[in-house]
Amino acid sequence: MSVKELVIEKVKNQFPNYQIEFSEYLDELCLKINKENIVEICSFLKNDEDLQFLLCEDITAVDWATRKNRFTVVYHIFSLKNKFRLKIKADVEESDCSIDSVTSVWRAANWQERECYDMYGIIFKNHPDLRRMYMPEEFEYYPLRKDFPLMGIPGSLPLPKK
Amino acid sequence: MERLKKEDVHPKIVEALLRDTDITIDDALENEMILNMGPQHPATHGVLRVLLRLDGETVMNAVPELGYLHRGYEKMAENMSYYEYIPHTDRLDYISPMANNVAWVLAVEKLAGIEVPLRAQYIRMMVAELARIASHLVAIGAFAMDVGALTVFLWTLREREKILDIWDILCGARFTNSYTRIGGVANDAQPEALAKVKWFIDQFDENLTECEKLLNSNRIFIERLENIGILPADLAIDLGVTGPSLRASGVEFDLRRATPYLQYDKIDFNIPTYTEGDCLARYFVRVDEMRESAKIVRQVLDKMPQGEILANMPKKVLPKKTEIYTRMEELIHDFMIVNFGINPPVGEIYHAIEGSKGELGFYLVSKGEGHPWKCKIRSPSFNNLQALPYLVKGHMVSDVVAIIGSIDPIMGEADK
Numbered sequence: 001m002s003v004k005e006l007v008i009e010k011v012k013n014q015f016p017n018y019q020i021e022f023s024e025y026l027d028e029l030c031l032k033i034n035k036e037n038i039v040e041i042c043s044f045l046k047n048d049e050d051l052q053f054l055l056c057e058d059i060t061a062v063d064w065a066t067r068k069n070r071f072t073v074v075y076h077i078f079s080l081k082n083k084f085r086l087k088i089k090a091d092v093e094e095s096d097c098s099i100d101s102v103t104s105v106w107r108a109a110n111w112q113e114r115e116c117y118d119m120y121g122i123i124f125k126n127h128p129d130l131r132r133m134y135m136p137e138e139f140e141y142y143p144l145r146k147d148f149p150l151m152g153i154p155g156s157l158p159l160p161k162k
Numbered sequence: 001m002e003r004l005k006k007e008d009v010h011p012k013i014v015e016a017l018l019r020d021t022d023i024t025i026d027d028a029l030e031n032e033m034i035l036n037m038g039p040q041h042p043a044t045h046g047v048l049r050v051l052l053r054l055d056g057e058t059v060m061n062a063v064p065e066l067g068y069l070h071r072g073y074e075k076m077a078e079n080m081s082y083y084e085y086i087p088h089t090d091r092l093d094y095i096s097p098m099a100n101n102v103a104w105v106l107a108v109e110k111l112a113g114i115e116v117p118l119r120a121q122y123i124r125m126m127v128a129e130l131a132r133i134a135s136h137l138v139a140i141g142a143f144a145m146d147v148g149a150l151t152v153f154l155w156t157l158r159e160r161e162k163i164l165d166i167w168d169i170l171c172g173a174r175f176t177n178s179y180t181r182i183g184g185v186a187n188d189a190q191p192e193a194l195a196k197v198k199w200f201i202d203q204f205d206e207n208l209t210e211c212e213k214l215l216n217s218n219r220i221f222i223e224r225l226e227n228i229g230i231l232p233a234d235l236a237i238d239l240g241v242t243g244p245s246l247r248a249s250g251v252e253f254d255l256r257r258a259t260p261y262l263q264y265d266k267i268d269f270n271i272p273t274y275t276e277g278d279c280l281a282r283y284f285v286r287v288d289e290m291r292e293s294a295k296i297v298r299q300v301l302d303k304m305p306q307g308e309i310l311a312n313m314p315k316k317v318l319p320k321k322t323e324i325y326t327r328m329e330e331l332i333h334d335f336m337i338v339n340f341g342i343n344p345p346v347g348e349i350y351h352a353i354e355g356s357k358g359e360l361g362f363y364l365v366s367k368g369e370g371h372p373w374k375c376k377i378r379s380p381s382f383n384n385l386q387a388l389p390y391l392v393k394g395h396m397v398s399d400v401v402a403i404i405g406s407i408d409p410i411m412g413e414a415d416k
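Order-wise, the sequence lines are chains A and B. Per the working numbering, numbering through the first sequence is continuous, rising by one, with the last residue being 162. Per the working numbering, numbering through the second sequence is continuous, rising by one, with the last residue being 416.
Hints listed in this document are in silico derivations from the structure and should not be mistaken for laboratory results. Since this is a predicted model, take the numbers as computed values, not measurements. From the three backbone atoms N, C-alpha and C, an ideal C-beta is built for every residue, glycine too. Don't take every hint at face value.
[Unchecked claim] 27 angstroms max Cα-Cα, derived DSSO-like pairs, lysine-lysine:
#1 B:LYS110 - B:LYS321
#2 A:LYS125 - B:LYS75
#3 A:LYS89 - B:LYS75
#4 A:LYS35 - B:LYS75
#5 B:LYS266 - A:LYS83
#6 B:LYS198 - A:LYS68
#7 A:LYS161 - B:LYS12
#8 B:LYS110 - B:LYS393
#9 A:LYS83 - B:LYS295
#10 A:LYS46 - A:LYS68
#11 A:LYS68 - B:LYS12
#12 A:LYS10 - A:LYS83
#13 B:LYS110 - A:LYS4
#14 A:LYS35 - B:LYS367
#15 B:LYS303 - A:LYS146
#16 B:LYS266 - A:LYS146
#17 B:LYS266 - A:LYS32
#18 A:LYS146 - B:LYS367
#19 A:LYS32 - B:LYS75
#20 A:LYS68 - A:LYS83
#21 A:LYS125 - B:LYS12
#22 B:LYS295 - A:LYS89
#23 B:LYS75 - A:LYS81
#24 B:LYS295 - A:LYS4
#25 B:LYS110 - A:LYS83
#26 A:LYS81 - B:LYS266
#27 B:LYS321 - A:LYS32
#28 B:LYS12 - A:LYS89
#29 A:LYS81 - A:LYS10
#30 B:LYS75 - A:LYS4
[What the hints assert, rightly or not] Stretch-level coverage of chain A by chain B, calculated; a stretch enters the list once three of its residues show a Cβ under 8 angstroms from a Cβ in chain B:
#31 51-62
#32 130-144
Model the full assembly from the supplied sequences, consistent with the hints where possible.
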């Protein structure tokens, strides 16, 4: 059994009642889940004996601008044991722009979620230190949202005191 | 380094800094001290700012502040075509721009489904490995300079200069190369360039040994690094550390072996690992990796076939300049690609290579348009820097400099 089938079977057996969509594009397996279940599924994927997705490579979001669920948070995790990369996606709507933090699962998620918050304004609940990563703390906008202009907003960045 | 007053620091940073203590910042200035290091500090390798909480000379806590070199490259990527973005990847990890070029085009080719000719793949492997050597040479030289051994820096930069000369012949630029193209490379590796690579590899081992002799028998160097900044393997994985820093902690993880790309599965090389996980081990890993890279380049030179260097896909790959001027068909394709882009099919991919600092990945979302809908750069320096607070705790201020040097962060990449 290939790793891909193993992941699908394990996840299906563990969470029979959850709504999980499996998809594949160019040999990359992707799980689409509800955002309420993110911590539970992630900690299972990390702690399972056969899967061991120990490395959290990247957390980011996609702004779809016109869709009903405006944002999709995307996680890339890697299993050192199986040499297998998995993508997890969870939709986040604009009115309730938040998702549970996975810092309790991977410590690497700390800065990655901070960056995602800085760029998209998605609140990661239970994050220990949710500050802006790159932009100054006083900055009011979220630069990677599609409604933020490429040229920036004049006067939005305060100049340092003399 | 300067001593800070309360109003100089943003309250949220103060909160992060004083999390595990019950003192307030007012008496912190009496007993403990908040010290600002950077962003304009030579030992931070760029514009990294670290706030240190000190008790005497011992570091109690550290909070790295990033963003001083944030240029919004992810936003810019969403507003330009895939071709236009190649020069911008040079400015990410500006110590090894070739590796970034390779990473970007590999991601785009995966998204657009482009097969690259074999010769171009071997040329890409060659430049990626030379970029790794060039990057590690700077890393070791600057690292040694940070802990007081100045001569090594001059010697390693002399070696790096030879690689820059090779790039000069290969693509006409020494520093910001933009050598790769979607579907291949910009121009063929001339015999002159290959001969120079051969010459470089032949003399490199001897010169590296010379540099090593300066350091390995240097008691000050060894004693300043041994048992400093120990990163256990499980913590390293948990913190998302990749590259030489992870391998120094004893984890044999290298994307060239784990998920082979280009032709790395046909090449024989070792993955150097050390188990100590301290600054000295990170230095040893880099030296060993340079030898392995030289070995790879030698095999690449032997195996490199003759043939095309650009894929024959007129709708996706820019034609040669001479053909644009003489043929109608090519002129039309050139016009379409330059003005409207290569329009990969709707989909999203993540592709990562083993860059010189660690896993360098690009996550691309295409909506079938000429520019990416979303481009995320997974930069190794950003993730490796996350380990810094864990490494410096309990060490002296002077060790902070050594630890930053051993992680080898490049801020252009960490700040994007």
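Now the hints, each set against the structure:
About 25 angstroms separates the Cα atoms of LYS110 of chain B and LYS321 of chain B, which keeps this hinted pair within 27 angstroms; it holds. For the hint linking LYS125 of chain A to LYS75 of chain B, the alpha-carbon distance of about 25 angstroms falls within 27 angstroms, and the restraint holds. In summary, the hint linking LYS89 of chain A to LYS75 of chain B is supported, as the alpha carbons are separated by about 21 angstroms, within the 27 angstroms threshold. Straight-line distance between C-alpha atoms of LYS35 of chain A and LYS75 of chain B comes to about 25 angstroms, which keeps the hinted pair within the 27 angstroms bound.
The hinted pair formed by LYS266 of chain B and LYS83 of chain A meets the criterion: a straight-line CA distance of about 18 angstroms does not exceed 27 angstroms. Distance check on the hinted pair: LYS198 of chain B and LYS68 of chain A sit about 58 angstroms apart at the alpha-carbon level, beyond 27 angstroms; violated. Our distance criterion of 27 angstroms between C-alpha atoms is met by LYS161 of chain A and LYS12 of chain B, whose separation comes to about 19 angstroms. Proposed proximity of LYS110 of chain B and LYS393 of chain B is contradicted: the alpha carbons are some 42 angstroms apart, above 27 angstroms.
For the hint pairing LYS83 of chain A with LYS295 of chain B, the CA-to-CA distance comes to about 25 angstroms; that is within 27 angstroms, so the pair holds. The suggested pairing of LYS46 of chain A with LYS68 of chain A is violated, with an alpha-carbon distance near 31 angstroms, which exceeds 27 angstroms. Our distance criterion of 27 angstroms between C-alpha atoms is broken by LYS68 of chain A and LYS12 of chain B, whose separation comes to about 34 angstroms. Proposed proximity of LYS10 of chain A and LYS83 of chain A is supported: the alpha carbons are some 17 angstroms apart, at most 27 angstroms.
For the hint linking LYS110 of chain B to LYS4 of chain A, the alpha-carbon distance of about 19 angstroms falls within 27 angstroms, and the restraint holds. For the hint linking LYS35 of chain A to LYS367 of chain B, the alpha-carbon distance of about 24 angstroms falls within 27 angstroms, and the restraint holds. Between the alpha carbons of LYS303 of chain B and LYS146 of chain A the distance comes to roughly 47 angstroms, so the proposed pair goes past 27 angstroms and is violated. Of the supplied pair hints, the one linking LYS266 of chain B and LYS146 of chain A is violated, its CA atoms being roughly 43 angstroms apart against a limit of 27 angstroms.
Restraint check: the Cα-Cα separation between LYS266 of chain B and LYS32 of chain A comes to about 35 angstroms, which exceeds 27 angstroms; the hinted pair is violated. Straight-line distance between C-alpha atoms of LYS146 of chain A and LYS367 of chain B comes to about 14 angstroms, which keeps the hinted pair within the 27 angstroms bound. With a CA separation close to 25 angstroms, the supplied pair LYS32 of chain A and LYS75 of chain B stays within the 27 angstroms bound. Note on LYS68 of chain A and LYS83 of chain A: the hinted pairing is violated, with a Cα-Cα distance of about 35 angstroms set against a maximum of 27 angstroms.
For the hint linking LYS125 of chain A to LYS12 of chain B, the alpha-carbon distance of about 17 angstroms falls within 27 angstroms, and the restraint holds. Annotation: proposed proximity of LYS295 of chain B to LYS89 of chain A is violated, straight-line Cα distance about 40 angstroms (limit 27 angstroms). About 35 angstroms separates the Cα atoms of LYS75 of chain B and LYS81 of chain A, which puts this hinted pair outside 27 angstroms; it is violated. Taking the CA atoms of LYS295 of chain B and LYS4 of chain A, the gap is near 34 angstroms; set against the 27 angstroms cutoff, the hint is violated.
This hinted pair checks out: LYS110 of chain B and LYS83 of chain A have alpha carbons roughly 19 angstroms apart, not beyond 27 angstroms. Among the hinted pairs, LYS81 of chain A with LYS266 of chain B is consistent with the structure: their alpha-carbon atoms are about 22 angstroms apart, no more than 27 angstroms. Distance hint between LYS321 of chain B and LYS32 of chain A is unfulfilled; the C-alpha atoms sit about 45 angstroms from each other, more than 27 angstroms. Between LYS12 of chain B and LYS89 of chain A the CA atoms are separated by roughly 30 angstroms; this puts the pair beyond 27 angstroms, and the hint is violated.
Restraint check for LYS81 of chain A and LYS10 of chain A: the C-alpha separation of about 16 angstroms stays at or below 27 angstroms, so the hint holds. Restraint check for LYS75 of chain B and LYS4 of chain A: the C-alpha separation of about 33 angstroms exceeds 27 angstroms, so the hint is violated. Residues of the segment 51-62 of chain A lying with their CB closer than 8 angstroms to a CB of chain B number 7, which satisfies the three-residue condition for coverage. With 9 residues having a Cβ less than 8 angstroms from any Cβ of chain B, the segment 130-144 of chain A passes the three-residue criterion, so the hint holds.
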